[in-house]
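Below are the chains, spelled out letter by letter.
There are 2 protein chains.
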Amino acid sequence: MTIRYEKVALIGLGLIASSMSHAMRQGGMAGTISGHARTAETRAVALELGLCDTVHETAAEAVAGADLVVLAVPVGAMGAVAAEIAPHLKPGATVTDVGSVKQAVIEAVAPHMPPGVHFVPGHPIAGTEFSGPRSGFATLFTNRWWLLTPMAQADLGAVAKFRGLLEQMGARVDEMDAAHHDLVLAVTSHTPHLIAYTMVGVADDLGRVTDSEVIKYSAAGFRDFTRIAASDPTMWRDVFLSNREATLEILGRFTEELFALQRAIRMGDGEHLFAYFTRTRAIRRGIIEAGQDTAAPDFGRSKASS
Amino acid sequence: MTIRYEKVALIGLGLIASSMSHAMRQGGMAGTISGHARTAETRAVALELGLCDTVHETAAEAVAGADLVVLAVPVGAMGAVAAEIAPHLKPGATVTDVGSVKQAVIEAVAPHMPPGVHFVPGHPIAGTEFSGPRSGFATLFTNRWWLLTPMAQADLGAVAKFRGLLEQMGARVDEMDAAHHDLVLAVTSHTPHLIAYTMVGVADDLGRVTDSEVIKYSAAGFRDFTRIAASDPTMWRDVFLSNREATLEILGRFTEELFALQRAIRMGDGEHLFAYFTRTRAIRRGIIEAGQDTAAPDFGRSKASS
Numbered sequence: 239m240t241i242r243y244e245k246v247a248l249i250g251l252g253l254i255a256s257s258m259s260h261a262m263r264q265g266g267m268a269g270t271i272s273g274h275a276r277t278a279e280t281r282a283v284a285l286e287l288g289l290c291d292t293v294h295e296t297a298a299e300a301v302a303g304a305d306l307v308v309l310a311v312p313v314g315a316m317g318a319v320a321a322e323i324a325p326h327l328k329p330g331a332t333v334t335d336v337g338s339v340k341q342a343v344i345e346a347v348a349p350h351m352p353p354g355v356h357f358v359p360g361h362p363i364a365g366t367e368f369s370g371p372r373s374g375f376a377t378l379f380t381n382r383w384w385l386l387t388p389m390a391q392a393d394l395g396a397v398a399k400f401r402g403l404l405e406q407m408g409a410r411v412d413e414m415d416a417a418h419h420d421l422v423l424a425v426t427s428h429t430p431h432l433i434a435y436t437m438v439g440v441a442d443d444l445g446r447v448t449d450s451e452v453i454k455y456s457a458a459g460f461r462d463f464t465r466i467a468a469s470d471p472t473m474w475r476d477v478f479l480s481n482r483e484a485t486l487e488i489l490g491r492f493t494e495e496l497f498a499l500q501r502a503i504r505m506g507d508g509e510h511l512f513a514y515f516t517r518t519r520a521i522r523r524g525i526i527e528a529g530q531d532t533a534a535p536d537f538g539r540s541k542a543s544s
Numbered sequence: 239m240t241i242r243y244e245k246v247a248l249i250g251l252g253l254i255a256s257s258m259s260h261a262m263r264q265g266g267m268a269g270t271i272s273g274h275a276r277t278a279e280t281r282a283v284a285l286e287l288g289l290c291d292t293v294h295e296t297a298a299e300a301v302a303g304a305d306l307v308v309l310a311v312p313v314g315a316m317g318a319v320a321a322e323i324a325p326h327l328k329p330g331a332t333v334t335d336v337g338s339v340k341q342a343v344i345e346a347v348a349p350h351m352p353p354g355v356h357f358v359p360g361h362p363i364a365g366t367e368f369s370g371p372r373s374g375f376a377t378l379f380t381n382r383w384w385l386l387t388p389m390a391q392a393d394l395g396a397v398a399k400f401r402g403l404l405e406q407m408g409a410r411v412d413e414m415d416a417a418h419h420d421l422v423l424a425v426t427s428h429t430p431h432l433i434a435y436t437m438v439g440v441a442d443d444l445g446r447v448t449d450s451e452v453i454k455y456s457a458a459g460f461r462d463f464t465r466i467a468a469s470d471p472t473m474w475r476d477v478f479l480s481n482r483e484a485t486l487e488i489l490g491r492f493t494e495e496l497f498a499l500q501r502a503i504r505m506g507d508g509e510h511l512f513a514y515f516t517r518t519r520a521i522r523r524g525i526i527e528a529g530q531d532t533a534a535p536d537f538g539r540s541k542a543s544s
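Heads up: the protein sequence lines correspond to chains A and B, in order.
Per our numbering, residue 239 is the first one in the first sequence, and the count goes up by one each step.
Per our numbering, residue 239 is the first one in the second sequence, and the count goes up by one each step.
Simulated from the structure, these hints should not be mistaken for laboratory data.
Keep in mind that the hints are not guaranteed to be accurate.
As the list claims (entries may be wrong) - Derived DSSO-like pairs: lysine-lysine, alpha-carbon spacing no greater than 30 angstroms straight-line:
#1 B:LYS328 - B:LYS245
#2 B:LYS399 - B:LYS328
#3 B:LYS399 - A:LYS399
#4 B:LYS328 - A:LYS454
#5 B:LYS454 - B:LYS245
#6 A:LYS245 - A:LYS454
Stated by the list, open to error - Here's a subset of chain A near chain B, in silico, CB distances under 7 angstroms, partners left out:
#7 HIS294
#8 ALA298
#9 GLU299
#10 ALA302
#11 VAL411
#12 ILE433
#13 PHE463
#14 ALA467
#15 ARG491
#16 PHE492
#17 LEU499
#18 ARG522
What the hints assert, rightly or not - Using C-beta positions, here's what the derived DEER-type ranges look like:
#19 B:ASN381 - A:MET239: 48 to 56 angstroms
#20 B:LEU287 - A:ASN381: 43 to 51 angstroms
#21 B:MET414 - A:GLU413: 35 to 43 angstroms
#22 A:ARG501 - B:ASP291: 41 to 49 angstroms
#23 B:ALA390 - A:ALA520: 42 to 50 angstroms
#24 B:GLU279 - A:ARG504: 32 to 40 angstroms
#25 B:LEU287 - A:ALA520: 35 to 43 angstroms
#26 A:GLU527 - B:GLY303: 23 to 31 angstroms
#27 B:MET414 - A:ASN381: 42 to 50 angstroms
#28 A:GLU509 - B:ALA398: 39 to 47 angstroms
#29 A:GLN264 - B:ASP507: 39 to 47 angstroms
#30 B:ALA390 - A:GLY508: 48 to 56 angstroms
A virtual CB, placed ideally from N, CA and C, is assigned to each residue, including glycine.
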């Protein structure tokens, strides 16, 4: 039997919310979908694409009567949205969010939630470097992890129903503690993004010296970095500001190790470099075996361009 | 008219050489192909796959009578191979290499080249994270850059003929100064690889704390890093040791910028972060416009796995 919410409200209509709409529409998982976005342009696109049945100028209007409310705004905007919608939430409604950081979102949102409303914090580990209502697609979550960090007092029935919805959208769901989530993501996502942003910035500085060569001859390494560094600036600003402790902790370890490799290069210590590179190669195998990427031999290039 | 070498010798039978063999065979660009690899196993695979018509235990035997000799060994091994083959080179032969660093290779190889032999240093900016004789494929070079760094006294006819061969294999060819090549590649390839290796190493250290979670939940950022960090350890050790100056120069700039961003995170300076991330996003557009990657919306994931 299909798990289904009679009315779903999407607050924020970017990549994640629009992909959820496509997936829920395709699977008949939502009766009606209401939506809110800050700009009239995004709201118009959402209607044009059929992402929402109704769009609203305020989040408060959008959530009226909704059984499931999805907060899909940048992490830094979650608190204000929660405060705004709180008096308008239907008793018994489930509220979730899709923020990349969980402790800060819980601190910002949970205090506003009225009794009888079920807040289930979540994070789909899925995305592309594109953003906005036109960037979504129904299979974004297929075989991707969606992490939930339910609080101790969570209503188990509400969590189970929402979890079922996510699985219907193709996601694999796990539950964990919010602090642990933030540390793991600092390693697997937040710090790599900051590093990619930095490297692309350095290349841009040098680009003025070497004209367009940095772009023209962008090899595999740099090309992949630019893709990561093309992600939404607002979203990522908020991620770093709200997962500050864990990101700084991992950055500290990163620079320590980088300095050790830098020293090995300066001293001509080939053994150190070789041992390090051999170790990291093995990790790649683990990721392919865990089903989180394919072993396509050319960075997906030939297939993607065919 | 097809440009063609009667006899081609491939010294080293990894990803690049095996891809060249496939491409040359497919286009009828080589009469016979001889090959040398250090291990008997690789030589057997080369015969089994038809990469070579003959294989030889020594590089000296392989180059006998060859009109084109391709040095496709790690950068650190180029000098020894050049010394070994020098007395056996056919007068008028063209010798090229495929090393990722050009100044160090020229210093190691050029002094050994006899008069009348044409040395044309080159670097195909193409690769995957796989290595070995089974990893090659004929389209590896399609629409990729192949940079040549011919020396001042180069024979123009020999360079033009070799350039034509590369274009027949689908590559786009440019010529530049070797020092300039090494700086540009330090930005676009060498430093990004070192950074990716480092980040994956950090994650591995933490992996012992968080069990397999780092791999299980590897998000886009980290997943791409692991792909980069799975490249051949020997090749990359040699790249860093032989392009030391340029790599250390770019690494210095990188850590400077990283520290500035780290400080912005610590101080909660959202404006700095937002401005930086907006700038780097624009660079991505430049790369897509330059034809060096596709705008495929999901890191090629859905297409690669379909």
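To see whether the hints hold, each was checked on the structure:
no.	hint	result
1	B:LYS328 - B:LYS245	holds, 11 angstroms
2	B:LYS399 - B:LYS328	holds, 17 angstroms
3	B:LYS399 - A:LYS399	violated, 68 angstroms
4	B:LYS328 - A:LYS454	violated, 36 angstroms
5	B:LYS454 - B:LYS245	violated, 49 angstroms
6	A:LYS245 - A:LYS454	violated, 49 angstroms
7	HIS294	violated, 27 angstroms
8	ALA298	violated, 26 angstroms
9	GLU299	violated, 29 angstroms
10	ALA302	violated, 32 angstroms
11	VAL411	violated, 12 angstroms
12	ILE433	holds, 6 angstroms
13	PHE463	holds, 5 angstroms
14	ALA467	holds, 4 angstroms
15	ARG491	holds, 5 angstroms
16	PHE492	holds, 5 angstroms
17	LEU499	holds, 6 angstroms
18	ARG522	holds, 4 angstroms
19	B:ASN381 - A:MET239: 48 to 56 angstroms	holds, 50 angstroms
20	B:LEU287 - A:ASN381: 43 to 51 angstroms	violated, 33 angstroms
21	B:MET414 - A:GLU413: 35 to 43 angstroms	violated, 54 angstroms
22	A:ARG501 - B:ASP291: 41 to 49 angstroms	holds, 47 angstroms
23	B:ALA390 - A:ALA520: 42 to 50 angstroms	holds, 45 angstroms
24	B:GLU279 - A:ARG504: 32 to 40 angstroms	holds, 36 angstroms
25	B:LEU287 - A:ALA520: 35 to 43 angstroms	violated, 26 angstroms
26	A:GLU527 - B:GLY303: 23 to 31 angstroms	violated, 46 angstroms
27	B:MET414 - A:ASN381: 42 to 50 angstroms	holds, 43 angstroms
28	A:GLU509 - B:ALA398: 39 to 47 angstroms	holds, 42 angstroms
29	A:GLN264 - B:ASP507: 39 to 47 angstroms	holds, 42 angstroms
30	B:ALA390 - A:GLY508: 48 to 56 angstroms	violated, 32 angstroms
The structure is inconsistent with the numbered hints 3, 4, 5, 6, 7, 8, 9, 10, 11, 20, 21, 25, 26 and 30, although it conforms to all the rest.
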